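All chains should be built: construct the whole structure from the sequences, respecting the hints.
Chain residues, written in single-letter form:
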Amino acid sequence: MSLAPSEHAPAAAPAGRGTIDQTGRTRTGRRRLLTPTSVPYLLIMPAVLGFAIFKAYPIVASLWISLTTGNGADRHFTGLDNYQRLLHDPLFWTALKNTALILVVQVPLMLGLALLVALGLNSTKVWLRPLWRLGVFVPSLTGLVAAGVMFSVILNRDAGLLNWVLSLFGIDRVNWLGSPFWARIGVVLVITWHYTGYNAVIYLAGLQGIPQELYEAAKVDGAGPIRRFVSITVPQLRPILLLTVVLSTIGTLQLFDEPYVLTGGGPDNSTLTVTMYLYNNGFKYFDFGYASALAYALALIVAVLGLLQVRLMGERK
Amino acid sequence: MSHQLSRRRLLQLATASAAGLGLAACGDNGSGNAGGDGDSGRIVVWSWTTAAEGLRSVVPSFERDNPGIKVDVQDVGNPAIWDKITVGLASGGKGLADVLHIGVDYLPSYLDKFPDGIADLSEFGADKYQDAFAKGLWPTVIGTDKAAHALPWEVNPLGLFYRHDHFEKAGVDPDGISDWNGMTTAGSKILDATGVRLLGLDKTGATQDMDFFQNLMQLQDAFYFDRAGRITLASPAAVKALTIIKRLNDAGLIADTAGQGTEKRLLGQGKLATYAEAAWAVEYLASTFPEQKGKWRSMQPPAAVPRGKRNAIVNSTYLAVAGSSTRRRAAWRFIEYALTQPAQINRMFASGGVFPALDAAYDDPRFSAPHPFYGGQKVLKPFVESLSAPARASNFTGDYARALKFASDAQSQVLIKGADPADALRKAAEQLAQQTGRKLAA
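For the protein sequence lines, the chains are L and D, in the order given.
Take 4 as the starting number for the first sequence in my numbering and just add one per residue.
Take 35 as the starting number for the second sequence in my numbering and just add one per residue.
Read the hints as simulated data drawn from the structure, not as lab findings.
Among the hints, a few may not be true.
As the list claims (entries may be wrong) - Cross-link-like lysine to aspartate or glutamate pairs, in silico, EDC-like; alpha carbons within 20 Å at most:
(1) D:128 - L:77
(2) D:298 - L:161
(3) D:118 - L:92
(4) D:274 - D:464
(5) D:223 - D:243
(6) D:147 - D:117
(7) D:305 - D:199
(8) D:473 - D:260
(9) D:473 - L:161
(10) L:287 - D:146
Claimed, not checked - Computed far set for chain D versus chain L, every beta-carbon distance over 10 Å:
(11) 75
(12) 97
(13) 98
(14) 148
(15) 158
(16) 205
(17) 206
(18) 219
(19) 226
(20) 241
(21) 263
(22) 274
(23) 292
(24) 384
(25) 435
Quick caveat: nothing in here was measured; it's all calculated off a predicted structure.
We treat Cβ as the ideally placed atom computed from N, Cα and C, and that holds for glycine.
Right under this line is the structure:
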């Protein structure tokens with residue numbers, strides 16, 4: 004009894020098409036589009052195309068513009084002139100100094116505060132924990148411009164809420180937005196208010212991922228709360244800490260919305276940031292070549308700082 | 035024939051698409067010359083707040099008189115409109131509306147930085163209107179190509195609004211005040227009698243609102259630049275202006291209006307005795323603070339120097355056509371219709387409060403009518419009369435934004451750190467020269 008052809012022979016290929024083996028190659032030697040190897044590439048293609056059009060092209064175009072000067076389409080190649088100008092521009096250095104100052108003061112303050120808040124929220128002894136967590140996170144849902152506007156009203160010297168509260172305690176009115184020192188404090192205040200909850204939630208997720216057995220073993224060995232925090236919590240949170248430090252550093256270096264709305268960079272440029280100066284040059288003074296050079300200088304600073312932080316914090320196992 | 039794409043073919047297609055996109059992006063020469071002179075179809079107009087309302091009031095009659103043209107007036111908002119126009123011009127006119135409402139502080143920059151971004155209206159016969167508008171405005175619409183690139187819509191002659199009740203309580207007669215020396219003395223009396231400060235200023239410079247400083251210079255026929263474009267930010271007139279502000283501040287007569295909406299709030303609370311503003315504020319005060327009806331009056335601004343002039347044009351706004359518009363002729367027809375006929379421009383004035391630049395508009399009785407909000411004072415009349423006096427248009431140039439920044443820094447240094455006005459302005463002028471390559475005036 005002969006076997007049916009279908010049980011022995013491979014199925015006949017449809018007319019005009021070869022059969023596909025496991026490598027995606029047809030018996031005729033031609034490659035097919037839809038194979039297990041090619042499908043992932045096809046799936047990521049929209050993202051890659053989007054990146055190429057909306058990110059890669061502007062990045063390259065911006066580099067070219069930073070090497071030119073001129074109006075509209077009438078641009079002339081001037082080499083590194085814009086970068087040289089940048090080195091001798093006092094306002095750029097003022098903006099960089101302001102940004103660095105905010106970075107050094109605000110990032111440690113905010114992350115320290117976020118860690119404390121996260122430890123509190125993680126404690127089983129806190130009542131109504133979901134409510135507290137919501138309350139801590141809500142500020143980060145507020146729009147950046149809205150936060151700036153809100154604090155500009157709160158911090159107004161003559162008609163602001165904060166000075167009114169201070170006056171109830173007999174404290175003199177503070178010129179929050181009118182003095183270079185207090186204006187910086189004001190900016191730090193807004194950013195801290197806005198992002199502490201966001202970082203606290205990230206830390207909370209990290210804290211909840213630490214195995215309880217580690218704490219129990221440490222307790223058995225007689226370790227107190229501080230010892231447990233230093234020897235277990237901090238090392239276990241190291242990757243999360245690194246993430247928040249790097250993200251916060253990049254975010255602070257790109258700080259724009261809050262000081263733009265709150266102080267406009269004043270008084271006397273005390274809260275002018277690099278991105279605000281960049282924006283002014285591009286969209287107020289229409290000096291696109293110089294603005295692009297500022298963008299590249301900022302990108303370089305971000306990259307160097309990011310690498311440094313990863314090196315310093317990320318290497319130890 | 036195979037209907038499936040091979041990998042090679044796919045790559046070829048992807049490369050071709052990417053190259054096409056790239057070329058499309060790179061091929062745009064930014065000249066804005068891709069437009070056309072279409073005479074019909076739908077035209078889009080960009081304006082802001084009440085001005086957009088004013089423009090909308092003209093649309094029904096325009097569409098009736100110009101069949102085939104539809105007008106869509108969009109309220110883009112101020113200051114958002116400047117970013118939108120700038121981005122559009124920088125990308126060769128892509129996405130821009132056909133008609134653009136532009137202020138005198140931006141128009142020279144746009145003409146300077148984007149030479150073909152704003153259409154040449156002389157081609158459509160705009161020059162025949164050069165004597166139709168308030169004195170001194172026509173030069174501001176002329177580009178370096180000597181062609182007209184806009185028609186003036188709004189002109190803002192300076193005035194000084196004051197709280198009649200506060201002045202009366204302090205026993206101050208506004209008619210006896212002719213310059214800012216006299217007003218400073220009056221301000222101290224008002225402060226003593228009522229606890230109300232004379233005026234508000236953004237001392238920190240957060241908003242770079244330098245109108246008051248500029249007004250004091252404009253009252254002396256001075257500005258940041260002279261007619262030749264040289265920097266005059268440290269001129270004696272500028273020093274005089276900043277010295278007046280310093281004296282007012284030292285006497286405790288200036289309230290800090292830094293922060294969003296602070297000035298409006300202080301005005302609403304009756305904590306400012308005067309409001310140094312231009313003609314547009316006539317309707318602004320009346321509509322924003324209706325509960326203060328009868329308490330306000332208006333007077334000519336005090337001179338900056340004894341026996342100095344008491345009239346100045348603060349600023350002006352325009353309607354222009356984008357160079358990239360495909361319906362430039364239709365857009366021009368709308369501008370011409372809206373801005374050169376007294377009936378239309380006064381309809382916009384009634385609807386949006388934009389004080390017209392068209393001379394013929396002032397024949398309308400509303401410009402000499404008593405205003406109930408101002409206690410029956412014929413509040414518009416002095417503004418119109420001030421426009422008939424010789425006036426010099428300020429040369430904003432393409433570098434006004436930078437000049438504004440440095441002037442604002444100088445003012446903040448004086449008000450916050452007690453800097454000397456002459457020193458602060460000299461440094462500001464030098465920085466401006468270094469950043470723009472412009473020469474300092476002697």
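For each hint, the structure was consulted:
1. This hinted pair checks out: residue 128 of chain D and residue 77 of chain L have alpha carbons roughly 17 Å apart, not beyond 20 Å.
2. For the given pair, residue 298 of chain D sits about 13 Å from residue 161 of chain L by alpha-carbon distance, which is consistent with the 20 Å threshold.
3. Taken as a hint, the residue 118 of chain D and residue 92 of chain L pair is broken in the structure, with Cα atoms around 28 Å apart against an allowance of 20 Å.
4. A hinted pair counts as satisfied when its Cα atoms are at most 20 Å apart, and residue 274 of chain D with residue 464 of chain D qualifies at roughly 18 Å.
5. Under the criterion of a C-alpha separation no larger than 20 Å, the hint pairing residue 223 of chain D with residue 243 of chain D is inconsistent with the structure, at around 27 Å.
6. Proposed proximity of residue 147 of chain D and residue 117 of chain D is supported: the alpha carbons are some 14 Å apart, at most 20 Å.
7. At roughly 12 Å between alpha-carbon atoms, residue 305 of chain D and residue 199 of chain D fall within 20 Å of each other, so this suggested pair holds.
8. Between residue 473 of chain D and residue 260 of chain D the alpha-carbon distance is near 11 Å, which keeps this suggested pair within the 20 Å criterion.
9. About 41 Å separates the Cα atoms of residue 473 of chain D and residue 161 of chain L, which puts this hinted pair outside 20 Å; it is violated.
10. A hinted pair counts as satisfied when its Cα atoms are at most 20 Å apart, and residue 287 of chain L with residue 146 of chain D qualifies at roughly 13 Å.
11. Distance check on residue 75 of chain D: its Cβ is at least 26 Å (rounded) from any Cβ of chain L, clearing the 10 Å threshold; non-interface status holds.
12. The beta carbon of residue 97 of chain D is kept farther than 10 Å from every beta carbon of chain L, the shortest such distance being approximately 34 Å.
13. With a minimum CB-CB distance of about 38 Å to chain L, residue 98 of chain D clears the 10 Å threshold, and the non-interface call stands.
14. Distance to chain L contradicts residue 148 of chain D as a non-interface residue, since its nearest Cβ pair spans about 5 Å, not more than 10 Å.
15. Against the 10 Å criterion, residue 158 of chain D stays outside the reach of chain L, whose nearest CB is about 22 Å from its own CB.
16. Interface exclusion of residue 205 of chain D from chain L stands, the closest Cβ pair being 26 Å apart, more than 10 Å.
17. For residue 206 of chain D, the requirement that its beta carbon stay farther than 10 Å from each beta carbon of chain L is met, with the minimum near 23 Å.
18. At roughly 23 Å, the least C-beta separation between residue 219 of chain D and chain L is larger than 10 Å, which holds for a residue marked as non-interface.
19. The Cβ of residue 226 of chain D sits about 18 Å from the closest Cβ of chain L, beyond the 10 Å cut-off, so the non-interface label holds.
20. For residue 241 of chain D, the condition that its CB be more than 10 Å from all CB atoms of chain L is violated, with the nearest at approximately 6 Å.
21. Listed as outside the interface, residue 263 of chain D is consistent with that label: its C-beta sits roughly 15 Å from the nearest C-beta of chain L, beyond the 10 Å cut-off.
22. No beta-carbon of chain L is positioned within 10 Å of the beta-carbon of residue 274 of chain D; the least distance is around 22 Å.
23. Consistency note on residue 292 of chain D: stated as away from chain L, yet its beta-carbon is not over 10 Å from all of that chain's, at 5 Å minimum.
24. Against chain L, the non-interface label of residue 384 of chain D holds: every CB pair exceeds 10 Å, the least being about 32 Å.
25. The claim that residue 435 of chain D is not at the interface with chain L is violated, since a C-beta of that chain comes within 10 Å of its own (minimum 4 Å).
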